[in-house]
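Going line by line, the protein sequences match chains A and B. According to the working numbering, the first sequence is numbered sequentially starting from 599. According to the working numbering, the second sequence is numbered sequentially starting from 599.
Please keep in mind that the hints were generated in silico from the structure rather than gathered at the bench. These numbers come from a predicted model, not from an experiment. Not one of these hints is a red herring.
Identical chains blur together in the list; that is why a pair holds if it fits in one copy or across any two.
Below are the SDA-like pairs computed for lysine to any residue, each with C-alpha atoms no more than 20 Å apart in a straight line:
#  : residue 1 : residue 2
1  : Lys724    : Asn863
2  : Lys962    : Asn863
3  : Lys711    : Phe698
4  : Lys705    : Asn728
5  : Lys711    : Leu699
6  : Lys705    : Gly730
7  : Lys962    : Arg622
8  : Lys724    : Gly655
9  : Lys950    : Asn863
10 : Lys821    : Ala675
11 : Lys711    : Glu753
12 : Lys724    : Ile859
13 : Lys821    : Gln789
14 : Lys808    : Leu903
15 : Lys724    : Asp860
2 protein chains.
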Amino acid sequence: MNILEQIRKELPWLEDKVSYDLTRGKPSSDQLDISQQYLEKINQPYHIDGVDIRNYGLPEGLPSAKALGADIMGTSAEETLALDNSSLSLMQQILSCGYFLGFDKAKLDQNSKFICPVPGYDRHFKLLENFGFEMISIPFADDGPDLQALAQVLEQEANVAGIVCVPRHSNPTGHSYSDANVSEMFNLISQKKDNFMILWDNAYACHDLKPTIKQSSANEIAKNCGVWDNLFHLSSTSKITLAGSGIAFLSMSSSNINQFIDYRNSVTPGPNKMNQGLHVEYFKTISIEEQMNKLKEVILPKFELTEQYLSELQQEGLCEYKSPTGGYFFTFDSTSGKAKEIIDHCDQLGLKLLPLGSCHPNGKDSANRTIRIAPTFPDLQSLERCMQIFSKVVKYLN
Amino acid sequence: MNILEQIRKELPWLEDKVSYDLTRGKPSSDQLDISQQYLEKINQPYHIDGVDIRNYGLPEGLPSAKALGADIMGTSAEETLALDNSSLSLMQQILSCGYFLGFDKAKLDQNSKFICPVPGYDRHFKLLENFGFEMISIPFADDGPDLQALAQVLEQEANVAGIVCVPRHSNPTGHSYSDANVSEMFNLISQKKDNFMILWDNAYACHDLKPTIKQSSANEIAKNCGVWDNLFHLSSTSKITLAGSGIAFLSMSSSNINQFIDYRNSVTPGPNKMNQGLHVEYFKTISIEEQMNKLKEVILPKFELTEQYLSELQQEGLCEYKSPTGGYFFTFDSTSGKAKEIIDHCDQLGLKLLPLGSCHPNGKDSANRTIRIAPTFPDLQSLERCMQIFSKVVKYLN
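The following block holds chain A by itself, in its conformation from the complex (with noise of 0.2 Å):
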């Protein structure tokens, strides 16, 4: 009997063609549940800050939405943009501004190449890639990005003029970088600050399920570096109130505001400021705080199951993975090598997981070793059926 039989003889509910997927970060319906409550009990507002959010104007986001984009950023609303939907487009924006006309401290070209810390989020690689940036991985310590790969490729490369970082609950592995590790990369990257994009992606800034250490804020540790003007520190609601349809932020040095809006004049009349009008009302009604509690309270149950099957493999000596404290992923290393072979089993047996590769750059996972797993979207039930097929999958072929 092959593996696949056996594994489908053990587990007869396979049967049932229900397909599992572990692939994407996507909320669950219970956690969006919790957002819809909120939303049904206020009004769409129509002027807010003195504004009326129903026309065009203000490029740079209502007052009060960057105050919003400020408390979770951990940064001055004054230096926060609060604009459309996707901190990702604006990553795209700011890339293409830095390519076509050059930020001060950031001027890209053909032949920029940008540093990775991996594994990574598969769009950003992507991005980079379309734009036709060479990327250079760089492995992780334990409290950031190994530092001593960072100086020998800032040191080595030509060209180097970038690096993209997810700073807290990594995606995928979960890393949140301490003060120290931020503090001695933006040292090491000022040799270079006269080029540079800080890409810092704080997509889970307060997104915490266990103790998880405090950082202090990007912008403070850039200024204090010198690197200030080369930080585009962005983040978003997209994980907090509702996917694809929150508010996304960007926070960097006034003289980047002014290129940027600038240069968004010619690519948009504007953010969606009855978005901004309605996220700011939801946040009178539940604070940040009690919103990701109520989030946890539904997520945390599913990151303590996974990690059991995960912890179970490790103890075995068949993965490596670290214990993320909040974020939405853990990232599996197969010991063996045989990540590509556990995806496609997992596939045959109805379980989607992400193609092998793609946490790293240009999909390439010479080791083939990592796996992301996305445990947010399924119910606790589904979860369970999920990691049971991975475990096994795993197992059988050890």
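Model the placement of chain B on the given structure of chain A, informed by the hints.
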């Protein structure tokens, strides 16, 4: 007494220090009140078309929002995407995809040149300029772009790879292209169909104020002329429901759709479907036609008032203008080539107009002729004052 003193004496209300603004094509609050009135009657849906619109997914947009876009643009829903809140942002993404990846039949590079019928839309020109594309102006004929001029450019210039058009109630001239014009244009372009991008910004697709020629679907004409894979047909509800909080639509061939959605996956996790759902509900309450009729009641008197003044100036030989049958703009052409002087004098009297050259590529109106007048935002009384200032300045300067 100089001109300014003379006008201040004749218009004593200029002392009021009220500012007058005819720069941007913004809806008035009266228009927005119409939309608000209907929005207040409907409830935000959370599920629609069998989709949980609170979550990520459906990168091509909600089926019923695609149908709404198809209705507005005269296209089919299968060939139409419902996306974010700005068709200009979509244009930036189309150009980026064409530049960095290339569509099958529209591959751009740093040497690509775009044909621009002038006068045209300042944000289009700035967008193209920011990519570094050279722009080649062609004039208008009565029923659309001057096709002799177009033919000449296509024949004589190397690397011509695109054109940008506003085919109905063109911004700012008000031209509505005849079917004959579009067919001949597309036939001319078909010589270059292996590499050509037609940016077709149908922003005023249903914004008639007076009887306007019927237009066949540009998609159908493109198919007949063999340039279907070259057409990127855009529209939005920005000037139908709320400005800045609408839905932008994009209609094109299925191979372009596939490639663009794939590209968009690195740029955004998808459009704001909550807003799409809201719009779908909105147009169950009032039809697009009824909505546009209500808006017309507000806008048409402003157009008639503006035209009174322009018609008088024209009769005195001081300007040329084309009477628009819809859209948002008038184009004033100074017969004596004094556009800059008019703009400057108006500015000193408190009336803001766009700077000279705004309707021309790279801001260059070498004939010093063109001023765009956007009469929708002020109320009727303010608009009358704007036109009094404008008219007196024109007369005294001639």
